[in-house]
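Student: Letter by letter, the chains look like this.
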Amino acid sequence: MLLQLATRNIWRNKRRTLITIAAVAFAVFLASVMRSFQKGAWDNVINNSVNLFFGYAQVHKDGYWDEQVLDNAMEWESSFDDIPDQIAGIKAVIPRIESFALASSADLTQGVMVIGVDPDKEDDLTNISQKISQGNFLTPNDDGAVIAEGIAKKLKLNVGDTLVLISQGYHGANAAGKFPIKGFFKFPLPDLNKTLVYISLSQAQDFYAANNMISSLVMHIDDARDVNNATAGLSKLLDKSKYEIMDYEALMPELIQARQMDEGGGVLIIGILYALITFAIFGTILMMTKERSYEFGVLTAIGMSRWKLFGVTFLESVMVGLLGVALGLILAIPLVYYWHVYPINLSFMGEQATAAFENFGMEPVIPTAFTSSVFMWQAGLIFFITTLLSLYPLYNIIKLEPVKAMRN
Amino acid sequence: MMSKFIIIVGVLISYASLAFAQTPTAKEIISKSEENIRGKYSQGEIKMTIVRPDWTRDIQMKSWSTGDEYSLILVTGPARDKGTAFLKREKEMWNWQPKIDRVIKMPPSMMSQSWMGSDFTNDDLARANSRVEDFVQSVEGAEVIEGRDCWILQLIPKDEAGVVWGKIKIWVDKKEYVQMKSEFFDEDDYLVNTMLAKQIGTLGGRTLPRSLEVIPADEEGHKTIVEYLSLNFDKPIKNSFYSQQNMKRVR
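Protein chains in written order, with the numbering used here: chain A, 1 to 408; chain B, 1001 to 1251.
It is worth saying that the hints were derived from the structure and are not from the lab.
Just so it is clear, the structure is predicted and the values come from calculations on it, not from any experiment.
The beta carbon of each residue, even a glycine, is placed where N, CA and C say it ideally should be.
The reader is advised that the hints may include incorrect statements.
As the list claims (entries may be wrong) - Pairs of lysine-lysine residues, derived as DSS-like cross-links and limited to a Cα-Cα distance of at most 30 Å, are as follows:
id	chain 1	residue 1	chain 2	residue 2
1	B	K1105	A	K178
2	A	K194	A	K121
3	B	K1248	A	K178
4	A	K178	B	K1099
5	A	K290	A	K399
6	A	K156	B	K1099
7	B	K1223	A	K61
8	A	K178	B	K1082
9	A	K194	B	K1248
10	B	K1198	B	K1105
11	A	K154	A	K91
12	A	K399	A	K14
13	A	K154	B	K1105
14	B	K1082	A	K153
15	A	K153	B	K1105
Claimed, not checked - To give an idea of the interface, some chain B residues facing chain A are shown, with a C-beta separation under 8 Å as derived from the structure:
id	residue
16	V1051
17	P1053
18	W1055
19	D1081
20	I1100
21	T1121
As the list claims (entries may be wrong) - Far from chain A, by Cβ distances over 12 Å, these chain B residues were calculated:
id	residue
22	R1057
23	I1059
24	E1069
25	T1076
26	K1091
27	R1102
28	S1112
29	V1139
30	A1142
31	K1167
32	S1211
Produce the complete structure using the sequences and hints provided.
Tutor: Next comes the structure, spelled out in C-alpha cells:
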C-alpha cells in the first residue's frame, strides 16, 4: 500500500520527478562512459606495452630481479615446456638469457645488452619481426645477430658486417665471439633502440659459457584477466624457494603507477560530478518536503503514523533514484558497447597523431572497456547517495506539528 | 809490534764485516728472493684453480719469461679458452683473443682487475713493478711460517712507480729466501689479498713453492690456487720471442 501511495505521489508532480530522473540519469551516464573510456584507453596502453618486451609474467631464479647478473641465471628444465598445457591462459613459455657485453666494429666500441632468444617464440610474443627495418630477424639457432639501429649507426655497421662481442661469462669465464649481422630493428623507445642485440639462445649460452642456463622465463599471456590465474598456477607448480614469479605489475611498476596517477585525476572529476548530482537531488527532496508540509500535516492529523509517512516519502525518493539510474544505464550501455567493438579511430586527427601512437607500438584508437564492474559501481554509488538523501524528510516528519503545518 | 797490531785490527775488521754480513738489508733480501723466483729465463707449465663457494674452475697454461721485463702466457685449457695469450713487454701488456681475431692492448687502468676471473690481478701476472726497484723496503720483524723462520718485510711503493698497491708485507724465509707469505694492502691500508706459498720443494733446481694460494680478504670461500707443474730456468729465450706475432703463433 505504501508503494502505491509513493507511486502516485511521484507522478502527481510530473515535472519535478522527470527533472530529477534526468539529473540522476545524466550523472550515471556520464560517469559510466567516462570511466569506460579511461579504463579502455589504459588497458590498451598496458596491453601494448606489456607484450612489447616484459610479458605479463616472468619466472626467474629467486633473487634474480634484484641482482640481474649472469651468475644468477637458472637451469632450463624440460618440465618448463609443459607449463602451457598445465596452466590455462599461458600460451607459451619463452626462454631468454641476458647480459652485458662490449660490442665492437673495427675501431669503435660500445656497451650493449645482449639477449639470447628463441626466435620463433620471441617473435610470437613481441612481434619483433615487424620492427625489422633492414635485413631479417633471426632464424632458429641462427649464428648471427640482429642489432638496434642506434648501435648500427654508432658502430657504422651494415647488414652483413661482423659484430665482435666480448664480455665476462658465467662464473667468470671469458666470453668472446664474432656474429654476422643479419638485420637491424627499430624500437620506439630510444633507450632500447641504442643498446639491444638479439642473438639466438644457443649462441648466447655458448658465448657466455652458460650451458643450458636462462635468465628469465617469460609467460606468453594474451589476456590481462588471465594473469592472476596464471601466477597462482605457477606458484603451485614451481618450487617457491628456488624461483621467483613476478607479474607485470611487479615487472613494470612505473607503468602501473603512471596509470594510477592518471586515473586518480579521473576519480577527482567524477567526484565533482557526484557532488553536483548530490546537491541537485537534495534540492529536489528539500523542495518536496517543504512544499508538502500541508499534506503531511493533514495526514498526521488524521492519524497516519509518522513512520508510515516517512516510509512513503522514502520510497518515493528511492524510486526516483532507481528510475534515474535505470535510464542512465539504458543510455550508457549500448553506447559503450558500440565503442568497445568499434573503437574511436584517431587517424582522422591527422598523420602526426597516428605517428605518435605508432611510436609506442599502438594503433591510433581509443577503445572502451566493457565490464559490468564499471556500470555497477557508478549505478551503485549514485543509488546509495540518493538513498542517503532520502533520509532527510525523516527529521522533518518527526518534528512535524500538524496544526502549524496546516496553517502554513 | 806494528805487525801484531795490524793482524789484530785485520781480524777484528773481518769479524765485524762478518757480523754485518749476517744481517742483510731489506733491499738485499728482496733482491735475492726475487732472483730466486725469476732467474734470467724461466718457462713452465702451470695449472690455476679458481675456487668459489658454489663452483670451481681450472685453467691450464704455459708461461715464458725473461727477467722482469718480458713474459708470455699461453692458455692451453679448457678448450673454450685455448689459444688465448697474454704478452708483457716492459710496462705494456696485450691480450690475444683467437675467437675474435683481436689483439687487445690492456690499459694501465685494467691492471688491478681480475685476470680471467681469478683472484690474481693482471698486475700480478705482469709483475710490472719490480719489488726491488719500485719500492722502499724495510725489515719490520720476524715470524715463523710453516716451520721456517722469516723476516717480515714492509714494502712501500715509491711515488713515481705507479704501483696498484698501497703497501705490501712479505715474509721471506731467512735460510732459502722463499717468499712464504705476502699481504697486499690498498691505499687506505685495507688488506685486499693474502698470498701463501705451499709445498716448498725443488723446482727447476731451485727451492721454490710448488703452489701459491691467493685468498681475497673480503670474500668468504674465495681462493685461487696456482700450481707449477714444471719450471725450467736454464733454457735461454730470445727477446724476439716476446712479440705480438708470436703471441698468435705460439703453441
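Student: Honestly, which of those hints from before does the structure not fit?
Tutor: 9, 10, 11, 14, 16, 17, 21, 22, 23, 27
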